[in-house]
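All chains, please: the whole structure from these sequences, using the hints.
Residue numbers (this note's numbering), protein chains in the order written: chain H, 5 to 359; chain L, 188 to 495.
If you're looking for bench data, these hints aren't it; they were derived computationally from the structure. Backbone N, C-alpha and C define an ideal beta-carbon position, used for all residues, glycine too. Possibly wrong hints are sitting among the right ones.
To be verified - Where chain H lies over chain L, by a calculated footprint (3+ residues, C-beta under 8 Å):
hint: 1; stretch: 272 to 286
hint: 2; stretch: 291 to 299
hint: 3; stretch: 309 to 318
hint: 4; stretch: 428 to 434
hint: 5; stretch: 469 to 479
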Amino acid sequence: MLYREAGQFKATYAEDSQIFPIRQDKIGFWVLMLVFGVAVPLLTNEYWLKAILIPVLIFSLAAIGLNILTGYAGQLSLGSAAFMAVGAFAAYNFILRIEGMPFLVALVLAGLTAAAVGILFGLPSLRIKGFYLAVATLAAQFFIVWALVKFPWFSNNSSSGVVTAQDVTILGYTFATPEAKYVLTFLIVSFMALLAKNMVRSSTGRAWMAVRDMDVAAQVIGFRLMRTKLLAFAVSSFYCGVAGALYAYTYIGTVEPEGFNLDLSFKILFMIIIGGVGSIMGSFLGAAFIVLLPIFLDNVVPVIFGDSLGAGFVSNFQLIVFGGLIIFFLIVEPHGLARLWQIAKEKLRLWPFPH
Amino acid sequence: MQFFIEVLVGGLLSGVMYALVALGFVLIYKASGVFNFAQGAMVFFAALTFVGFQEVLPGWLGLEADSSVVFWLAFLLAFIAMIVLGIATERIVLRPLVNQPHITLFMATIGLTYVVEGLAQMTWGANVRGLDLGIVDEPIAWLMDNYEIGVSKFDLFAAGVAASLVALLALLFQYTKVGRALRAVADDHQAALSIGIPLQTIWRVVWAVAGFVALVAGMIWGARNGVQFALTFTALKALPVLILGGFTSVPGAIVGGLIIGASEKLAEVYVGPFVGGGIEGWFPYMLALAFLLVRPEGLFGEKHIDRV
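Following this line, the structure appears as C-alpha cells:
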C-alpha cells in the first residue's frame, strides 16, 4: 500500500539511473543513515558500539572488497584477511615513520599499498581460473602473514609482530571515545560503499560482470582481460586494506599478523555468501549476520541447555550451527539475504492486493 | 651429501602423507566435481573416532586395551562412521545442491568442515590423544650402519600403506563394475545418467571410499603427530599438492605429494636460514603457484579448452 511507485515518472536520464529510483527507497535510505549516523551513537551504550556496530561496519567494508572480486569479477579469493593485514600494517608504518602524516591520507596510502600487493597476487589470475586460483590466493594468505611476523621492520621491532595503533587524529581532533570512532568509521564506510555501488553500476562494473559470466566471451567482444581482472584485484584489495586499517585503528587497537589468519578470510567469504554474492547491500547484511550470530549463540545456548555443559560444548555447538547455517543458506537461498530482501520488496509492491 | 639424501628422503616420505590426504580430494572431485574442502575435517573426524572407539571398546567388551580385536573393531566402527557421514553428506548437502555452480558446492563443503569438526569434538572431546600403530618412529638400523643415512621406519611404513592404497584404488577403478561406473560418472554426469548409472549411489560410494582414505590418512598422521585439531590443517597442505598434480589425477596426487614434500623440506633446510626460517608454511603454495604459471592445469590435469 505504502510502497508503490505509481505516479513517479522519470523525465531525464539522470533520474532514470539513480541508485534509488523509487521515492520510498530514498526516504528509507536517509532514515537509515540518520538512525545509524546520529541516533545510534547518541543512544546506544559502549558495548554495542565497540563489540557490534563498529565490527559490523568494518567487516562490511571488507566484504564489499571481496564481493567486488568474487561476486562481480568472479575471481574466488581466500586471502582477503591477508590484504586487511597489509592495510593495517601499512597504515601503522606510514603514521609511525612519516612525521605529521594525516590519518585519512595514511588510510588512503594503506589502501593503495594493499592494492599494489593485490595486483601482484592477482597476476596468476591471468593464467589460472576457478579452484586453482582459489588455492593460489592461499599463497598470499600464508606468505603475507609469515612476512609480517618474520621481518620485524613491519612492526617496528616489537615481539611477535604485535603493534598498537596510534591515536586517530584528524585536523587536531582526537577520536578517542567509542562514539567518535563509530561516527568516523560510519562515514568512511558509507562513503566507500557509495563509491563501490557506483563503480559496479558503471562500465567498469559491467566489464567485471562480463568477465565473471564468461571470460573468453568477454575477451572476444573486446574487454581487456588483464586490465579488468587486475583492476578488480586492485580495487578489492584497496577496500580490504582500508578495512584492515580501520580494524586496527577504530576497532581492536592492538593487532598482530596472526590475527589476520585464514579463519578471518573464511569469515569474510561467508559474509558474502550469506549476504549475497554480487550485492553491495548483501555485504552489510552478511557482515551483520556473521558478527551477531556468535553473540546470539553465546547468549542463547546456555539458556536452552543449561550452564552445566561447559565452554567446550558451547563452542563446538557454535561450530556446528555455524556450518549448518551456511549449508542451509546455500540450499534454501543461494543468492543470500539480499535476494530475500528483493523478494520482500516485490511482494510489498503488490501488497495488500493479490495481483 | 648424506645430509642432503636424508632430508630428501624424509621430505619424500612426508610427501607421501600429504598425498594420502590429497587422494581423498581427487576421488571426490573426479566423481562429482565437488571440491571437497571438508576432507581435512574428515581426516580429523576419522582419526578421532578411531581413537575414541579404541578407548571405550575395552570397557564395553571387557577386553585388554591393546588386543588386536579392539584395534580392528575400532577400525571397522570408524569406517562405518565414515560411511554414515558420507551418505549423510550426500543426502543432506549434495542432493539439494545438484546443478548449482561449483563455487556454491565448494562453499557448502566449507560449511561442512565446521559441522564435522564440531561434531567430532563434541562426541569425543578436544583432548590431544596419542595413537599407537605399533611401529616405532626410529631410523632403520641397516641403512644407518652401512651408509649413515637416517630413514624412519615409520615413514617407510606410511609410504608402503600409501602405495598399497593407491594400488587398491587403481584395481577398484580399473577392474570392477563400480569402478567402471565411477569413471563413467567422472567423465560425463549426464551421459552416465542416460545409460542408467545411478548417480546418487555412485556419489555415496565415492564419499565412503574418500572416508576410508581419510581414515587411513588420519591414523597415520595421528600416529605421527597425535590426534588433535591441528590435523585439519594437513588438509591445507594437501591443496598445493592438488594443484601441482591436477585435481583429476590419482597419480598426480602422489607425484605432487612427493614433489611438495621433498621441496618444502629442502627449501626449509637450505633456503630457510637466509630468510629467518619457517618458510614451510607458504613455500608449497608459492611453488605450486609458480608451477601453475607454466602449466595452468597441473602436471596431470586434463587440458581445459574454453569455448564460447
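Right, here's what the structure says about each hint:
no.: 1; hint: 272 to 286; result: holds (count 4)
no.: 2; hint: 291 to 299; result: holds (count 7)
no.: 3; hint: 309 to 318; result: holds (count 3)
no.: 4; hint: 428 to 434; result: holds (count 3)
no.: 5; hint: 469 to 479; result: holds (count 6)
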